[in-house]
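Undergrad: So you can see what is in the structure, the chains are spelled out below.
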Amino acid sequence: MPKTITEQNLNSLIDALVQDGTRVVGPKRAGTMTVYEPLSAGVELSLAEMPRRSAKEVFFPVCENILSFQRTEQGTTVTDVDVCTFPETVLVGARPCDAAAAPVLDAVFSWDYRDEFFLERRKKTTVIGVACTKCDDACFCTAVGLSPAETRGSDLFLTPLAGGGYVCQVVTDKGEALVDQHSQLFADTPSATPQPLAEPAAGQFDLKRIKAWLDNHFESPFWVGISERCAGCGACAFLCPACHCFDINDEGTEKEGHRRKHWDACAFGKFTNHASGHNPRDAQPERYRNRIMHKFKYYDDKFGQTLCTGCGRCIRACPVGIDIAAILDEIQKQ
Amino acid sequence: MNKTARKHDSAVLVDEGYWSSVSQAIQQEAVRLLEQGAVAGVVGYIAGRRTGTAMPVVAATPDEARQLIFSPACVNNLALYFTKAKKEVSSKGKLAIVAKGCDLRALAGLMGESQLKREDVYIIGIACAGVYGAHADRSQPLCDATIARKCRECTVHEPTGADAVAGTLPALQKLEPLEAQELARLEAMTPQERWAFWKEHFSRCIRCLACRQVCPFCFCEQCLCDRNRPQSVETTPRPAGNTAWHIVRAMHLAGRCGGCAECERVCPMDIPLNLLNRKMAKELKELYDYEAGLTPQEKGPLTEYKEDDDESFIK
Ligand code: SF4
Ligand code: SF4
Ligand code: SF4
Ligand code: SF4
Ligand code: SF4
Numbered sequence: 025m026p027k028t029i030t031e032q033n034l035n036s037l038i039d040a041l042v043q044d045g046t047r048v049v050g051p052k053r054a055g056t057m058t059v060y061e062p063l064s065a066g067v068e069l070s071l072a073e074m075p076r077r078s079a080k081e082v083f084f085p086v087c088e089n090i091l092s093f094q095r096t097e098q099g100t101t102v103t104d105v106d107v108c109t110f111p112e113t114v115l116v117g118a119r120p121c122d123a124a125a126a127p128v129l130d131a132v133f134s135w136d137y138r139d140e141f142f143l144e145r146r147k148k149t150t151v152i153g154v155a156c157t158k159c160d161d162a163c164f165c166t167a168v169g170l171s172p173a174e175t176r177g178s179d180l181f182l183t184p185l186a187g188g189g190y191v192c193q194v195v196t197d198k199g200e201a202l203v204d205q206h207s208q209l210f211a212d213t214p215s216a217t218p219q220p221l222a223e224p225a226a227g228q229f230d231l232k233r234i235k236a237w238l239d240n241h242f243e244s245p246f247w248v249g250i251s252e253r254c255a256g257c258g259a260c261a262f263l264c265p266a267c268h269c270f271d272i273n274d275e276g277t278e279k280e281g282h283r284r285k286h287w288d289a290c291a292f293g294k295f296t297n298h299a300s301g302h303n304p305r306d307a308q309p310e311r312y313r314n315r316i317m318h319k320f321k322y323y324d325d326k327f328g329q330t331l332c333t334g335c336g337r338c339i340r341a342c343p344v345g346i347d348i349a350a351i352l353d354e355i356q357k358q
Numbered sequence: 510m511n512k513t514a515r516k517h518d519s520a521v522l523v524d525e526g527y528w529s530s531v532s533q534a535i536q537q538e539a540v541r542l543l544e545q546g547a548v549a550g551v552v553g554y555i556a557g558r559r560t561g562t563a564m565p566v567v568a569a570t571p572d573e574a575r576q577l578i579f580s581p582a583c584v585n586n587l588a589l590y591f592t593k594a595k596k597e598v599s600s601k602g603k604l605a606i607v608a609k610g611c612d613l614r615a616l617a618g619l620m621g622e623s624q625l626k627r628e629d630v631y632i633i634g635i636a637c638a639g640v641y642g643a644h645a646d647r648s649q650p651l652c653d654a655t656i657a658r659k660c661r662e663c664t665v666h667e668p669t670g671a672d673a674v675a676g677t678l679p680a681l682q683k684l685e686p687l688e689a690q691e692l693a694r695l696e697a698m699t700p701q702e703r704w705a706f707w708k709e710h711f712s713r714c715i716r717c718l719a720c721r722q723v724c725p726f727c728f729c730e731q732c733l734c735d736r737n738r739p740q741s742v743e744t745t746p747r748p749a750g751n752t753a754w755h756i757v758r759a760m761h762l763a764g765r766c767g768g769c770a771e772c773e774r775v776c777p778m779d780i781p782l783n784l785l786n787r788k789m790a791k792e793l794k795e796l797y798d799y800e801a802g803l804t805p806q807e808k809g810p811l812t813e814y815k816e817d818d819d820e821s822f823i824k
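In order, the protein sequences belong to chains A and B.
Counting with the numbering used here, you get residues 25 to 358 for the letters of the first sequence.
Counting with the numbering used here, you get residues 510 to 824 for the letters of the second sequence.
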């Protein structure tokens, strides 16, 4: 029988975890927006609004040190970051489109090179997803095969109930362990009615058909038409739960410093600039093409998955109104 | 906000007819220009898929020109597309632009900086009543609650120096100058409080650089902030580099910024960048009696040296 949890007990669960020394991250109001941030108490959890940035930063921070270096009289010493020190984390209140992106990213971060920073955080994180009961006209999870009740990527999944509280679906062993450890906070409620789910308006995309078109249209005037307006910022990629490009920079003084891994984006003009000065993606339409190709063709070619969960963040944030759902729709009609 | 202000919150500021008549005028002019072959394209706006959205477009055929609109969703500063940062657009040949007052200011600035020649652009000026602010509820019409802060204090509703003007300006209501009030609040703070204010805001910056990419004056082919050999400004989104980036940005735009507030509108982290711009503009006005305006000026105060420059503030 599925378990339920009241809002109050969900807060108590967060409090208990925080007291145990577990890092708890969840949507929290900060100034004018909601962001996924470490919570110090359950009352900080704020599920009303879509967090501005995605949950990917729980595994893939905006910026992190990956080693440090010091110059001494004996020479240079290099100190690695010990990933074993990464804390056990519970990500609570993840949107289904955010939770679903993490397993998609596992593929690229454990492919030819195993990114221990990402993978260790993944291993140590338990994800509590929450079904969406509200959406806006930028949301299109249903169009890419997911849904407001998608449990992929969640270990425990909560669905809001009509009378308050949530029904809890155990998805993985991690989720089961969490429920077992705090069983006194969960109850058995045989006849709970879930709240109606959000209903994204976009119709289902034929992702195979879109990919087939992309397979044959690397060169097409289509790209110029849709993307010469692109300003070449990184807003779409930085807010996206699935975009994962990063750069590595050494920063510090001549005596000591850090090697840092930080977000990067294919929209930036310098992203593919070669040391020779040649830039294979010299104009913005070529860069935007890469965004679509990477998400709906290359990632599929390589890992059999689509690199977009339909969260709509890129659509809401784009300074020039570029709408990836409208573009996919256009491609589908070609 | 007091009670009377709240009552006005959702009162429509401009009636529907205004937007459609401006749109029609733009379409007519754009179709004429394209049919006569006077321009290779018209940089304007088309409606987006979602409620209350629009996006920039380069209309190259009369059919495309018939799709052009003007609405409160036409927020972008289209002067961006006339810079060398957007060579793929600016190299198409002579272009026309649909320009609000703020876009006109940017065009004048670009002309002053020898980035654009007046004869290379055909300007369809808009008698502009205002546009939506960054997180406006776009299911609502333009009203006190949805209008951009810059438009509340706009001094360029009526275009000057355009080749054609679309629309007739309706009577505009005077709105509370929220941005000036906020600036005054900041100015009244102690330096420590002000520093804390900006530190908090800059700490959220993720270095997506949307603020740089939409600014018509950020056209440098090599931005200082992208240099990594040697690195001039930390490129990582951490407090040190973020603060450096914002100081560089504010200084670099001082005396050039046209006040379109695009940088602030596009910031996904809601950093109130236009307050910095406004503060710099105010300082330039006080120190050099200089304002970035509607007429191209070849030299700004920070790009030229005069023997009698006031140096009293250099400590
Ligand atoms: S591409 Fe856009 S809609 Fe898709 S996951 Fe990324 S931000 Fe969300
Ligand atoms: S699509 Fe939009 S958000 Fe993405 S790089 Fe281009 S202008 Fe920026
Ligand atoms: S500031 Fe003035 S010209 Fe610019 S959009 Fe607002 S009303 Fe129009
Ligand atoms: S747009 Fe905002 S978040 Fe992006 S770089 Fe500029 S200030 Fe930072
Ligand atoms: S700095 Fe901001 S307000 Fe000034 S011109 Fe650039 S985008 Fe517009």
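Source of the hints: derived by calculation from the structure; they are not laboratory data.
Treat the hints with care, as some may be off.
As the list claims (entries may be wrong) - Straight-line distance between alpha carbons at most 20 Å, and here's what the computed DMTMM-like set of lysine to aspartate or glutamate pairs gives:
#1 B:K601 to A:E61
#2 A:K294 to B:D735
#3 B:K708 to A:E61
#4 B:K601 to A:D104
#5 A:K147 to A:E81
#6 B:K596 to A:D306
#7 A:K52 to B:D735
#8 A:K52 to B:D779
#9 B:K593 to A:D306
#10 A:K294 to B:E597
#11 A:K294 to B:D524
#12 A:K158 to A:E73
#13 A:K158 to B:D646
#14 B:K593 to A:E310
Undergrad: State for each hint whether it applies.
TA: Results for each hint:
no. : hint             : result
1   : B:K601 to A:E61  : violated (46 Å)
2   : A:K294 to B:D735 : holds (8 Å)
3   : B:K708 to A:E61  : holds (18 Å)
4   : B:K601 to A:D104 : violated (51 Å)
5   : A:K147 to A:E81  : holds (14 Å)
6   : B:K596 to A:D306 : holds (10 Å)
7   : A:K52 to B:D735  : violated (32 Å)
8   : A:K52 to B:D779  : holds (16 Å)
9   : B:K593 to A:D306 : holds (13 Å)
10  : A:K294 to B:E597 : holds (16 Å)
11  : A:K294 to B:D524 : violated (45 Å)
12  : A:K158 to A:E73  : holds (9 Å)
13  : A:K158 to B:D646 : holds (16 Å)
14  : B:K593 to A:E310 : holds (17 Å)
Consistency note: the structure conflicts with the earlier hints numbered 1, 4, 7, 11.
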